[in-house]
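Single-letter residue listing:
2 protein chains.
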Amino acid sequence: MKWWGWGVEGVGFHWEDKPGFAPFVEYAVGLDLHTAPVVGMPEFDKLTVAASLAKPAFVASLASVVGEDNVTTDKMERVVHTYGKSIRDLIRVRANQIERTPDVVVYPGSEDEVQRIVDLAVAADVVIIPFGGGSNIASSLEPRSDESRVVLSLDMGRMRELISIDEESGLAVIQAGALGPDLEQQLNAKGWTIGHFPDSFTHSSLGGWIATRSSGMQSDKYGDIADIVRGLHVVRPSSPGVSGILVIRPIPSASNGPSVREMIVGSEGRLGIITEATVQVHRTPAKRDVFGYFFPNWEAGTAAMQEIAESDAAPSITRVSDARETGFSLATSKERHGFEKFAAGTVLPTLMKSKGWAKQPGGIENNICLSFIGYEGSEAHAKRQKKLVDKIVKKHGGMGVGKGPGVLYDQKKFDTPYLRDFLLDRGAAGDVSETAMPWSKVNQVHDAVRVAADKAFDQIGIQGWIMSHLSHSYHSGACLYFTFAFVMGDDPIGEYNVVKSAIQQAFIDNGGSLSHHHGVGLEHSPWLEQDISAQGVAVMRGLFEAADPGENFNPRKIVADVKETVKAG
Amino acid sequence: MKWWGWGVEGVGFHWEDKPGFAPFVEYAVGLDLHTAPVVGMPEFDKLTVAASLAKPAFVASLASVVGEDNVTTDKMERVVHTYGKSIRDLIRVRANQIERTPDVVVYPGSEDEVQRIVDLAVAADVVIIPFGGGSNIASSLEPRSDESRVVLSLDMGRMRELISIDEESGLAVIQAGALGPDLEQQLNAKGWTIGHFPDSFTHSSLGGWIATRSSGMQSDKYGDIADIVRGLHVVRPSSPGVSGILVIRPIPSASNGPSVREMIVGSEGRLGIITEATVQVHRTPAKRDVFGYFFPNWEAGTAAMQEIAESDAAPSITRVSDARETGFSLATSKERHGFEKFAAGTVLPTLMKSKGWAKQPGGIENNICLSFIGYEGSEAHAKRQKKLVDKIVKKHGGMGVGKGPGVLYDQKKFDTPYLRDFLLDRGAAGDVSETAMPWSKVNQVHDAVRVAADKAFDQIGIQGWIMSHLSHSYHSGACLYFTFAFVMGDDPIGEYNVVKSAIQQAFIDNGGSLSHHHGVGLEHSPWLEQDISAQGVAVMRGLFEAADPGENFNPRKIVADVKETVKAG
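The listed protein sequences derive, respectively, from chains Y and F.
Residue numbering for the first sequence follows the working numbering, beginning at -11 and increasing consecutively.
Residue numbering for the second sequence follows the working numbering, beginning at -11 and increasing consecutively.
Rather than coming from a laboratory, the hints here were simulated on the basis of the structure.
None of the hints are false.
Intra- or inter-copy, both count: the list cannot distinguish identical chains.
Calculated cross-link-like contacts (lysine to aspartate or glutamate; reagent style EDC-like; alpha-carbon spacing at most 16 Å):
#1 Lys275 x Asp300
#2 Lys374 x Glu295
#3 Lys374 x Asp300
#4 Lys371 x Asp300
#5 Lys63 x Glu31
#6 Lys488 x Asp442
Produce the entire structure from the sequences given, and follow the hints as far as they go.
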């Protein structure tokens, strides 16, 4: 029984048809896939799950709102709603470290039901944690381990309708529980797209995107979720004569004080329950292409991305992998395996030789960096953008290699979770961490994180691997996305913490944010003060304290306990 | 002595060389400029100004921080720092209604001095109101009339340096007191521009733009100030071991909780003193052109603007005036006077006839709408954008009329304040009010505001005038900017309030925000709850209450007193 994981039957990572993969893994982390023992998920019945603290009367009151079928204290449901899907989360479940589950899971069917649940919960001093797709990797979902109150997981999974489209304004009203495919299929059927495609797309929800400040791979064109979401409904406690529904109307831009919209975005459940959003939608573009490019080295690739961002060109995707990730991509290609095979039969080897591009020993790693650049719009517009970009690529010594790698990119973009599960079964932990910084700091952060991670791997005495890509370009900077892996020793969580902390600290020390699009949760909150200063944290903590004096809404996430507030002044 | 107003000698509005102007004013508000008595500013000595409440010891302590020359309790300085520049402000000063001046004006020279002033003020329970260019028109600057504590006006005018440019990232660090020309000249000298040109440009400061969520006329390309500002320094009260400086580092996009950056933007002094900002800057474009277009009517013009926003074209300015404002623009043109003279000698009359474009009686007003569209970038890019736009304009029955009107636009864009002073001297009050809404509501808001204003003019029994333009296009909507005027009767402030309130209410009732880029202050705060809902106001009030428990920072602006807080839950 597949009671955990992404819950999609028949989807997974198949290494057998990727001959370059096993040698790559051995090279990178020293793991021999042919001999590694395979350890899957434990049987659910072997897990230690505490009894629910929810009293039958409280559960009955919830049932009176949502119906008997939509409220449960079932152990499996409670465990599934305990964590997100970070490697820490997966390891803890496998290690039977279910610290604190929610006590009751509720599935509301309407905003009115959410309001009634919120009011019941706050009146009973119950903790409410909203749950969308459950794909969070920043520990934003787990109840605090020492929580003595009843914890309610509010699963938005039944609220996934496209309510309406304002075709003249390019705005759609969508319920917050809609997962990526839910909303995109409903929009596509009418000729529209939201243009928001995070890696977690198939398993994450609109409400979750908003609550964690998500960004999708086509953000260069469509914006981050903070740009895409214009209107919001957020359910907060009601009081006599005052509706609990916070309504932000869909205004394209407004001067009405500090942005409450931008307080809700990224709030991870601490300001209330997001039930509905009005989002920007676009007509499905006539043309959508992703082209591949190679750069002789990382610095040339990032310089080209910066120049593209500064130029008149407006591509929908700009992405360049470092040499290590390029090697990984080619090794996991289904069509061609490794750079040699990719290049075989093309003019690439000759071109590379004529350009003097270096290739390091090892057969996997060389200096060459693979890049993807996407173009969308009318046929003529897409062509024009590509022409502008091609000129910049050439100036930086790069070369175009057609749509082949782009197709590969589209095929693989949602595969990573399955690959991670596959490695975890074989004893290797893999996870990701990302940041954003000004263009002038991109190479500095890239190099410093590599140094910091290697030092951390040394410290815990294991062979580790870290690789990255630049994606999401802005006028003044970009996102760097790191993937790291290591073979787990005796203390996987402790080892993970050493590596992850070293990476996060290198972000901050070199001018990066604590995250570009994954959120804060518990995982990144230790770096919040270094990111936005003590006064910034004080202002944010004050916001939470005033908005939720009873600490009922996902307490302790993003910033530590309200009670610990240090007020300035 | 010109002790009030914009303080620029030799600049003003010269109606004599605009033969179309006087007939237009008579037609619009029934004022005969040839016979209207001219009443200028009163002598300063005639004004009633209360004594300063600041104790000599407190003033001396401020002087010990900034030097004797940079702190004053002088009456004229205090009056100049009392109000912004709304018509209500001008009328009140002329009517000797100086309700409550600041007690002391301080000019800090550095962030450290600001910190020391803030700490001294908070320790003494003094109210601090930051002052930039003083051009605010939302009553964001005036002390509350019943304030019994000492009020300190913190004038940022000495802090106007461009500190540094990160050329690789397109980011500049600039002190918050820099006025538009200060910072643009310093940037231009190095080949850069901020691209932010609000109508108040020459008299408003970077800190003021940020504190009020300003937007400039080229926002379609460069973004609103909320997009332009990436990093911030905000001085708040320090405490032992905790710096009072809130630092937001210049990150292009981050997922680090509710956006503190977006809380500071629009905060109108309530969260602390903005001393420095890191803003996006762009290399001066090779090409910058503004072209004029005519549309047969308003609906055709706004439909074209919507289609341009949805298209692949990316102009820097999109603007269309309604028929009334078009008449006004042509009447105040220096080069040509009125539509007939503008069109004389061109193919326009023939074209219009062949298209059946209507012209209403009156000689001033017809249905035709003047539009300006700007293009920036490389020569080829600007040309390409214009080609895309021209096609859309044609589709909606419009026609291009070359760069002539565009040059006119550039000449006139900063003239409005002088025009307003000119009319006020002759007994007519003129002011502006603006909003933003989804594209689907643009025509509805436009028409409803006209109806509401006319009803208000009827109610107070005067001949009034209102006209508007659409500017600042976004994917999902736009800004509508209204200008209104009337000849003042016995109670100018009361009359103004009736008209302004009617306009604001029509914004809200028809799907618009309370303001697009002027701020909230006291003037618009009555509509905040209708704009962002009671829960939205509760969240914002909670933010202010927690961040400023002593109510020392520009209290009562945006939302009413902290003490009146209604907490939800």
